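S.K.: What follows is the residue order along each chain.
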Amino acid sequence: MRKKYNKNFLVGLYRTMMRIRICEESLVEPILRGEVKCPCHLYSGEEAIATGVCAALDESDYIFGSHRSHGHYLAKGGSMPELIAEIYGKETGCSKGRGGSMHLIAPEKGMLGAVPIVGGTISIALGAALASKIRKQKRVTVSFFGDGTTGEGVLYESLNFASLKKLPIIFACENNLYSTHLPIRECRLQNNIFKTGVPFGIPGDRVDGNNVLKVYESTKAAVEICKKGNGPVFIEFLTYRLRGHVGPDDNIHGMRTDIRPKEEIERWQKKDPIKRYERFLFKNKILVKQEVEMIRKEVEQEVNNSFAFALSSSYPKEMELTKYVFKE
Amino acid sequence: MSLKNRKLQYSLAINEAIHQMMEIDESVFLIGQGVKSPWYVGNTARGLLERFGDERVIDTPVSENAITGAAVGAAIAGMRPIVVHPRMDFMMYAMDPIINESANWHYMFGGNSTVPVVIWSIINRGGEQAAQHSQSLHTLCAHIPGLKVVMPATPYDVKGLMIAAIKDDNPVIYIDDRWLYNLEGDVPEEIYSVPIGKGIICKKGKDITLVSVSYMAIEAIKAAEYLKKEGIDVEVIDLRSVKPIDKELLFESVKKTGRLIIADCGWKTCGFAAEISAMVCENIFEYLKSPIARITLPDTPAPASFALEKVYYPKSDNIIAKIQEVLKWETK
Ligand SMILES: Cc1ncc(C[n+]2csc(CCOP(=O)(O)OP(=O)(O)O)c2C)c(N)n1
Chain P
1 MRKKYNKNFL VGLYRTMMRI RICEESLVEP ILRGEVKCPC HLYSGEEAIA TGVCAALDES
61 DYIFGSHRSH GHYLAKGGSM PELIAEIYGK ETGCSKGRGG SMHLIAPEKG MLGAVPIVGG
121 TISIALGAAL ASKIRKQKRV TVSFFGDGTT GEGVLYESLN FASLKKLPII FACENNLYST
181 HLPIRECRLQ NNIFKTGVPF GIPGDRVDGN NVLKVYESTK AAVEICKKGN GPVFIEFLTY
241 RLRGHVGPDD NIHGMRTDIR PKEEIERWQK KDPIKRYERF LFKNKILVKQ EVEMIRKEVE
301 QEVNNSFAFA LSSSYPKEME LTKYVFKE
Chain Z
1 MSLKNRKLQY SLAINEAIHQ MMEIDESVFL IGQGVKSPWY VGNTARGLLE RFGDERVIDT
61 PVSENAITGA AVGAAIAGMR PIVVHPRMDF MMYAMDPIIN ESANWHYMFG GNSTVPVVIW
121 SIINRGGEQA AQHSQSLHTL CAHIPGLKVV MPATPYDVKG LMIAAIKDDN PVIYIDDRWL
181 YNLEGDVPEE IYSVPIGKGI ICKKGKDITL VSVSYMAIEA IKAAEYLKKE GIDVEVIDLR
241 SVKPIDKELL FESVKKTGRL IIADCGWKTC GFAAEISAMV CENIFEYLKS PIARITLPDT
301 PAPASFALEK VYYPKSDNII AKIQEVLKWE TK
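Residue numbers (my numbering), protein chains in the order written: chain P, 1 to 328; chain Z, 1 to 332.
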């Protein structure tokens with residue numbers, strides 16, 4: 001590993017994961033205080049996926065996301081101040097305060113949109129891949145969705161069409177074992193999401209989604225397949241959300257009771273993708289403790305600045321309620 | 001048997017209706033996302049799983065199209081399913097089984113088959129949830145021949161309409177509003193129906209007819225109470241059903257007051273309020289003393305930001321201002 005990658009690249013992955021984690025965790029208090037009101041589906045614990053996938057993409061490649069897309073947005077290069085401002089409903093947010101946490105976009109970075117209709121962006125990603133194909137652009141599209149999304153028919157329609165037209169699209173399923181309150185075993189009989197594309201002639205891979213280098217490598221390979229015109233590819237990333245479905249914990253009607261078994265959460269806390277990667281970096285003498293501290297400080301500064309930006313920004317003007325309904 | 005003045009919350013009144021109907025009719029079952037978790041549906045599903053088991057209270061994967069289709073199919077096969085969509089927006093995946101299949105079924109097979117399904121969806125507005133978690137799409141449903149659409153505003157109606165919807169042999173779109181879930185009101189304990197297609201006069205008045213549905217009925221009553229102090233006597237109608245519309249009640253009231261204002265929780269263009277307005281103009285135009293007015297959402301997707309939500313959702317203040325404007329019209 002150490003030899004395959006240069007230090008900048010490896011540290012870059014670490015920094016991206018830290019940016020996502022610290023940014024997400026900094027929302028916990030404002031959510032609990034009621035200062036952040038829009039529903040926030042935190043990405044803590046799943047950072048290695050967005051980070052590894054987006055590291056394998058060029059800026060011109062596209063991604064689409066879901067309700068849990070803060071991490072996708074940041075990893076693809078979306079602006080953190082604009083993310084926080086959006087979550088606070090400010091005019092300076094990436095969606096001008098019209099969308100909130102569940103509607104993120106950074107078109108200039110290839111992040112073409114995240115929406116909370118489960119499965120809603122899969123066929124949209126399909127269309128972006130189709131556009132690249134028609135225009136003969138060497139561009140890959142990644143569709144991020146969760147394990148729960150495999151219940152939606154649109155996934156299968158999209159797989160068939162993508163396969164039929166050999167579209168350069170990567171179906172990236174983040175299997176965090178839950179669909180809101182339902183554990184995966186209550187959503188599907190067999191735990192074989194990675195085989196989802198097989199009936200359509202799409203090869204599938206199952207990857208440890210808490211290992212950022214494994215995520216990167218599997219995506220890199222998928223990108224190559226797509227760029228050679230041999231797409232689509234389906235990848236299942238195994239992971240776990242360390243926070244609740246929405247908000248910091250699985251808080252149901254004011255009862256701060258997590259629906260998930262405590263031992264299960266603790267088991268996954270031990271597999272924390274950031275701590276794991278940190279150990280790897282130390283072991284391979286890529287970073288020392290002080291450097292890690294420095295990165296943390298820098299990221300904390302960036303997060304603080306982002307909050308300062310958001311808090312000092314204005315709300316959208318009431319008279320502009322109907323702005324953006326149509327492109328004028 | 002009914003205890004006088006028994007108060008029940010809106011959400012618990014729905015729950016009671018389902019409990020009672022499942023108790024007396026084995027063909028009734030509940031299916032949809034979250035029915036075994038209090039997560040989405042407030043108290044509405046409380047105790048059902050424990051009482052009736054997971055064969056009749058079925059929590060499902062996120063598969064709106066298949067699950068709604070399954071409910072429609074089960075209804076065709078003789079069951080009386082209630083399929084729930086915790087947010088109306090999610091129901092959009094199920095438009096084929098609802099619109100193409102269930103609505104047309106009885107007609108296109110010449111009356112040889114019926115679809116006694118209740119398609120229950122919840123409007124979850126506000127809370128900075130933005131465009132895809134807030135839509136009130138009753139007009140869309142009401143446009144389709146073969147669908148009945150109800151939108152109860154009170155705990156009494158929510159129970160009575162759920163029971164009527166379950167008993168009805170047609171697909172009924174049952175739409176409730178999360179903003180009403182904690183509302184308390186009188187609810188008899190026994191099984192009773194509120195007839196689909198019948199509205200109610202919430203407050204009698206002679207100066208202007210104020211027609212509303214769902215949550216807007218609550219704002220309408222507030223507006224009427226305020227205006228009473230100003231000496232304006234508003235008649236408030238809660239139509240309760242968006243389809244069929246209680247024409248008689250509507251026409252009688254407008255004939256009496258000569259003025260009409262409609263407070264709807266949907267959008268303006270081609271909306272429910274437009275339909276009410278057209279019905280009155282077509283049928284009893286000669287009774288109108290001033291133009292009809294509409295209070296609706298602006299033709300804009302729901303914004304996330306609290307700053308915009310504030311002005312997006314109409315309230316009693318907007319109704320009051322509009323009524324005052326309408327009443328000034330003659331003297332202009
Ligand atoms: C069409 C639709 N149905 C239901 C929902 C409610 N919902 C929001 S997130 C979610 C679970 C999705 O699970 P998964 O795809 O595994 O993503 P995760 O939350 O685990 O990241 C559900 C059911 C929705 N947003 N859209």
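Calculated directly from the structure, the hints in this document are not laboratory data. Note that the coordinates shown come from a computational prediction; the quantities given were computed from them, not determined experimentally. Glycine included, each C-beta is placed from N, C-alpha and C at the ideal position. Careful, some of the hints might be misleading.
[Unchecked claim] Quick look at which bits of chain Z chain P covers, simulated, 3 or more residues with Cβ under 8 Å:
1) 81-95
2) 186-194
3) 296-304
4) 309-317
S.K.: All the hints need checking, so say for each whether the structure fits it.
M.R.: Hint check:
As drawn, the region 81-95 of chain Z meets chain P at 4 residues by the rule of a beta-carbon pair under 8 Å; at three or more, the given contact holds. Note: the region 186-194 of chain Z has 0 residues with beta-carbon separation from chain P under 8 Å; the three-residue rule is not met and the coverage is violated. Residues of the region 296-304 of chain Z with a Cβ under 8 Å from some Cβ of chain P number 6, which satisfies the need for three, so the listed coverage holds. Three residues within the 8 Å Cβ limit are the bar, and the region 309-317 of chain Z against chain P gives 3, so the coverage statement holds.
Violation of the numbered hints given earlier is confined to hint 2; every other hint is satisfied by the structure.
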